[in-house]
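Whole structure, please, built from the sequences with the hints as guidance.
Here the protein sequences come in this chain order: A, B and C.
Residues 1 to 815 (this note's numbering) are what the first sequence spells out, left to right.
Residues 1 to 258 (this note's numbering) are what the second sequence spells out, left to right.
Residues 1 to 160 (this note's numbering) are what the third sequence spells out, left to right.
Heads up, a few of these hints could be off.
Stated by the list, open to error - Under the rule of at most 30 Å between Cα atoms (straight-line distance), these lysine-lysine pairs were calculated in the DSS-like manner: (1) Lys175(B) <-> Lys64(C); (2) Lys337(A) <-> Lys419(A); (3) Lys16(C) <-> Lys169(B); (4) Lys45(B) <-> Lys109(C); (5) Lys351(A) <-> Lys64(C); (6) Lys641(A) <-> Lys761(A); (7) Lys64(C) <-> Lys96(C).
Source of the hints: derived by calculation from the structure; they are not laboratory data.
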Amino acid sequence: MSALKTEAQPRGAHPQAAWSGASARDLADMNASHGWSLDAAELAAVQAHFQKLKREPTRAEVETFAQTWSEHCKHKTFTSPILYRDGKSTKRIKSLLAETIVDATARLKKPWCLSVFADNAGIVAFDKKWALAYKAETHNHPCAVEPYGGAETGVGGVIRDVLGAGLGAKPVLNTDVFCFAPPDYEGPVSPGALHPRRTLTSVVAGVRDYGNRMGIPTAAGGVWFDEAYRHNPLVFVGTVGLIPRSAIAKAVKPGDLIVAAGGRTGRDGLHGATFSSAALDDQASVSAVQIGHAINEKRLLDALMRARELRLYRGLTDCGAGGFSSAVGEMAELSGKRGGARVRLEAALFKTTEIAPWEAWVSESQERMVLAVPKDKLAALADLFASEGVEHCVLGEFTDTGRLEVSWAGEALVDLDLKFLHKGVPRRERSAVWEAPKAGPLVTNRRNERARAGEALRWCLGHLNVCSREWIIRQYDHEVQGGTILKPLQGLHHDGPGDACVIWPQAVVGEEGSFRGFSVGHGMNPSYGRIDPYAMAQAAVDEALSNLACVGADVSQAALLDNFCWGDPEDPSELGRLVRAAQGCRDAALAFQAPFISGKDSLNNTYTDAKGLKHSIPGTLLISALAPVPDVRQAVTMDFKTANNPVYLVGWTSNELGGSLWEAFAQEKGGAVPVVEPRSAKEALWTLSSAIRAGLVMSAHDLREGGLAVAAAEMAFSGEVGVQIDVDLVPRTRDVADPVTILFSESPSRFLLEVSPDKEKAFLKAMKGVPMARVGKTIANPVLRVVGLDSRTLLEERLNELKAAWQAPLPRILG
Amino acid sequence: MKKPKVLVLRTAGTNCDLETASAFKMAGGEPELLSVRDLLSGKAKLFNYGIVAIPGGFSYGDDVGAGRIFANEIRGQLRELRGFIRSGRPVIGICNGFQVLVKAGILPQTPAGDQVASLSFNDSNRFEARWVRLRINLQSQSLFVKGLPEMIELPVAHGEGKFVVKSPKVLEMLKKTRAILMQYVNEEGKFTGYPENPNGSLFNIAAITNPEGNCLGLMPHPERYVTRWHHPNWTRQTFCKEGVGLELFRNAVNHALN
Amino acid sequence: MSATETAGHIVEVGAKPGMSDTTGAALIAQIQSIGVQAVQEARVLALYDLRGKLSAAQVTQAAKDLLADPVTQDFRLESRAGAFLPPHWRLEVWLKPSMTDSVGESVKKAVRDLGLPEPSAVRTGQAYQLFGKLNKQQVDRILERLLSNPVIHRTSAEQR
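Listed below in structure tokens is the structure:
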């Protein structure tokens with residue numbers, strides 16, 4: 001590669017004003033014009049550091065701080081002190097992450113947690129020989145600007161995280177969860193923004209194209225529609241990988257070579273980390289768009305799986321946010337006692353000749369990994385890479401100097417103290433305030449709405465947050481690798497809404513006679529969060545674990561991921577809501593005994609319009625849950641199977657319609673948000689999970705949006721088996737006095753089950769002590785019939801009509 | 001007992017190789033995953049194998065059309081594959097593998113070995129991942145379908161699966177030589193349109209063979225239905241027998257044993 | 001590769017007449033959904049800009065053996081030639097020169113594997129031929145709302 005075009009200035013000097021004499025204002029101006037997203041305290045810390053060293057920082061050094069200290073990489077909001085005022089009490093939180101999510105996991109001390117919050121993904125045991133690595137993250141800002149490319153590179157990035165877990169896990173499942181504005185939006189589209197329909201179809205296409213080409217089944221996920229996401233779509237992508245337990249430990253030793261493998265380095269994706277941490281406005285940064293090419297990552301994946309077996313490297317990590325600066329910086333920490341790395345950056349392989357050295361250092365070009373390779377393994381590794389068509393280069397070596405040293409053709413580019421780089425970020429204290437919303441007048445009786453129950457049901461089924469997602473799901477190859485035992489679409493015609501998929505990774509594990517698999521479930525409801533983020537968090541954990549239980553996973557061995565997408569953390573009430581949600585996570589994890597093993601946050605999902613008004617998304621928390629399925633042959637789907645079977649409802653129904661679909665339909669206000677009762681919820685969940693795994697349940701579905709009415713309808717039309725429900729038999733609390741509330745309440749921790757008559761006695765025995773009742777039976781007549789409190793038929797809807805209403809929306813809107 | 005060696009041919013972007021190999025293993029074969037480069041370098045010899053399989057995936061990312069680059073590679077550098085097929089040994093191309101066989105001019109089989117058909121973009125203009133019903137041509141003598149019932153189910157997952165031909169003569173030839181092995185049908189065995197025919201294929205063609213029936217190209221994925229628990233309705237059918245996909249692989253292995 | 005390098009031989013690949021062009025039909029539906037009813041027919045073409053030392057004959061060979069499917073597609077070199085089409089708008093969408101062109105990279109290598117000289121670069125784009133009575137505002141709207149993203153694409157629209 002011919003010599004690179006160099007900057008006009010001497011490489012060491014900063015092209016603009018010197019740092020040593022700069023005022024805070026000068027620093028702020030430089031920060032803005034260069035897009036570093038560092039705050040005043042951070043700029044001052046960098047300035048002080050170099051004043052002590054009696055020299056100017058180089059451009060590359062400042063960029064390194066900008067990337068490494070970005071919110072995206074350091075999770076400053078979650079790890080810095082917060083002064084939290086809750087009503088009358090005030091509390092100083094030293095680190096939100098440590099005191100909530102990590103604390104719960106530490107207390108639970110579950111033996112199947114093999115690596116948590118340490119590596120690129122959380123790792124839990126699968127069986128004696130294998131482990132599962134799970135990571136989920138968001139790629140919101142790029143998807144707002146370039147949804148197809150953003151989605152592709154989001155998927156590529158999370159896959160690489162799993163590739164960089166341990167010595168490399170083999171991806172066996174992809175998940176995708178989206179929050180978009182309704183695609184049938186008919187209003188004006190702001191300049192610089194895209195129509196939500198385009199965002200939706202482009203993101204789906206990006207997830208599809210990258211995931212399908214990587215040969216990873218995309219078999220779990222969801223979509224939530226809300227007008228508030230119009231300028232800030234949320235795209236959560238996750239990957240589960242399988243890794244031999246013997247390959248989890250990774251290390252870096254001084255003297256190991258720094259090897260970069262995969263794609264070449266170019267100018268695409270500059271400032272992705274700082275871009276993702278900043279708010280969007282009309283002038284979103286152009287070069288922050290990364291370009292992906294799945295075939296390169298597939299080659300890399302194939303090569304690494306082979307190289308791992310031969311132990312041709314000692315450690316590896318993915319090149320994600322911050323590019324080489326983060327990847328090498330992180331691995332350097334592991335090298336020897338003090339850590340260290342020495343890089344000769346000109347040795348990298350470049351896509352373009354027009355790249356400045358600092359750009360090469362922080363570029364986020366895709367499909368790259370960094371490996372620590374013992375010198376005597378390099379030749380074999382080089383041969384292996386060549387045989388798979390993967391390029392690589394030796395960037396330098398890891399040292400024990402405690403310094404990160406990068407040079408370009410002999411000239412010093414970066415020379416930083418590793419400890420200051422990783423631990424020197426000033427922890428600024430922020431203020432947070434939580435005020436419980438005033439409880440409005442509660443609607444206590446909806447008897448007058450009885451006549452509208454059928455209409456409400458059809459409305460709920462056709463609602464964008466309930467309707468069939470088949471239009472999306474069929475674009476994803478969800479069966480590649482030959483292990484998708486329960487598919488996302490279930491039922492007689494393979495088109496009903498499954499609660500979760502079940503994966504049996506037999507082609508990878510290759511063990512004859514083993515039927516062990518795993519499942520992932522999701523939980524999310526931003527509508528609850530508008531009322532109380534604590535309740536939202538608990539409901540999300542409840543939902544994710546319930547989904548797992550329904551398909552036959554063992555929820556007593558579950559693991560959780562948290563993904564927070566929030567607004568501006570400088571806004572005390574926003575931060576207060578975040579604290580509430582994190583507390584809800586902690587308490588739910590402890591109650592359900594499901595530890596968190598990994599998580600991510602994406603802040604500043606706001607949009608400043610042309611008038612200067614800031615719009616924020618509602619605080620959105622996605623909980624992902626993973627659990628083993630001891631025997632996939634015992635898995636259960638949600639479609640009713642045959643007529644004349646008893647139908648049971650597990651759990652208590654209360655007057656909890658705050659944030660519910662019914663509220664939106666009837667234009668009610670002030671409902672009580674659903675509240676999880678932790679102890680009883682866990683007992684019921686674990687007991688039900690055992691019963692399902694023992695083969696005592698024919699069909700199972702949990703109750704969420706639209707409550708009992710929607711769940712019963714879904715089970716019935718998916719199986720083309722009718723059902724009759726008698727609402728008077730539904731176990732309910734004293735505040736429930738009418739059939740509409742019974743049908744549409746969204747109380748959590750509830751399940752609808754179909755039980756075979758010959759297993760009923762054993763089922764009842766197994767479920768002793770769990771609040772539940774037999775509420776009806778499946779019938780041959782293909783209708784959903786509900787008998788009211790007065791013993792008269794309250795509603796009777798034909799299944800084919802309910803299903804048609806449920807299937808219509810997305811094809812009608814998207815074509 | 002001796003196990004026939006199976007060459008599972010892969011390249012950059014091949015995805016379904018592990019489960020295809022696993023299926024052959026379950027069927028009693030001894031699979032090996034190798035690339036064209038391995039054969040050219042002499043690391044392995046084609047005729048040492050009893051069966052060749054080209055699995056599904058996105059070879060070369062589907063850039064420039066599914067299977068085009070891999071087909072060129074095989075056409076240019078693996079000429080002995082034609083001899084392998086002539087010798088009567090089983091060759092199977094699944095999904096992307098089918099696309100490769102068609103674009104390399106191997107299927108439909110013609111004297112000149114030119115490409116006379118193609119697998120074009122699905123009529124729905126979308127990637128289609130769904131299960132389909134297939135009717136097997138009972139007149140075919142193909143080794144792959146010995147003992148199979150007339151109607152089977154398998155999953156498809158592709159964006160470019162619409163079978164088209166260069167001229168009507170090609171379709172005539174396929175009919176005459178009983179080369180059409182499987183067609184998409186509905187529950188009653190009738191030829192219908194979308195979604196039972198997921199891509200709009202001419203004459204609902206899902207699979208074709210050479211006249212001898214030992215070289216098979218099919219869009220559906222038999223390696224994804226090798227046990228009863230792979231079927232989407234297995235929780236509803238307690239009588240379901242093991243995956244019919246496995247039978248296809250067994251037939252190939254049994255043929256290679258003789 | 002310099003961003004200012006001039007274009008090489010441009011190969012245009014489209015569906016053969018008689019072969020259904022599902023992408024064209026889908027495009028018309030999308031155009032109607034943004035309120036433009038005037039498009040009667042639409043054709044979608046893949047564009048490959050092969051730069052470097054290949055002769056026209058070599059580019060033709062690359063087109064025949066690699067870029068166009070002999071059964072379903074036709075190709076043409078240099079679209080300027082051939083005014084045999086009824087009046088239409090021709091829209092072109094190319095990645096900006098500074099953007100990595102992944103498909104172009106694949107094609108570059110595949111051309112070399114055909115035994116031809118390796119191009120110095122291959123850039124890919126799309127051309128859309130829209131037949132019907134359209135004005136410039138409508139065409140711009142189609143480009144902006146459906147076919148391109150100004151963040152990563154450069155576009156052109158001309159009446160032919």
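So, going through the hints one by one against the coordinates:
no.: 1; hint: Lys175(B) <-> Lys64(C); result: 29 Å, holds
no.: 2; hint: Lys337(A) <-> Lys419(A); result: 12 Å, holds
no.: 3; hint: Lys16(C) <-> Lys169(B); result: 18 Å, holds
no.: 4; hint: Lys45(B) <-> Lys109(C); result: 26 Å, holds
no.: 5; hint: Lys351(A) <-> Lys64(C); result: 29 Å, holds
no.: 6; hint: Lys641(A) <-> Lys761(A); result: 19 Å, holds
no.: 7; hint: Lys64(C) <-> Lys96(C); result: 27 Å, holds
Of the numbered hints given earlier, the model fails none.
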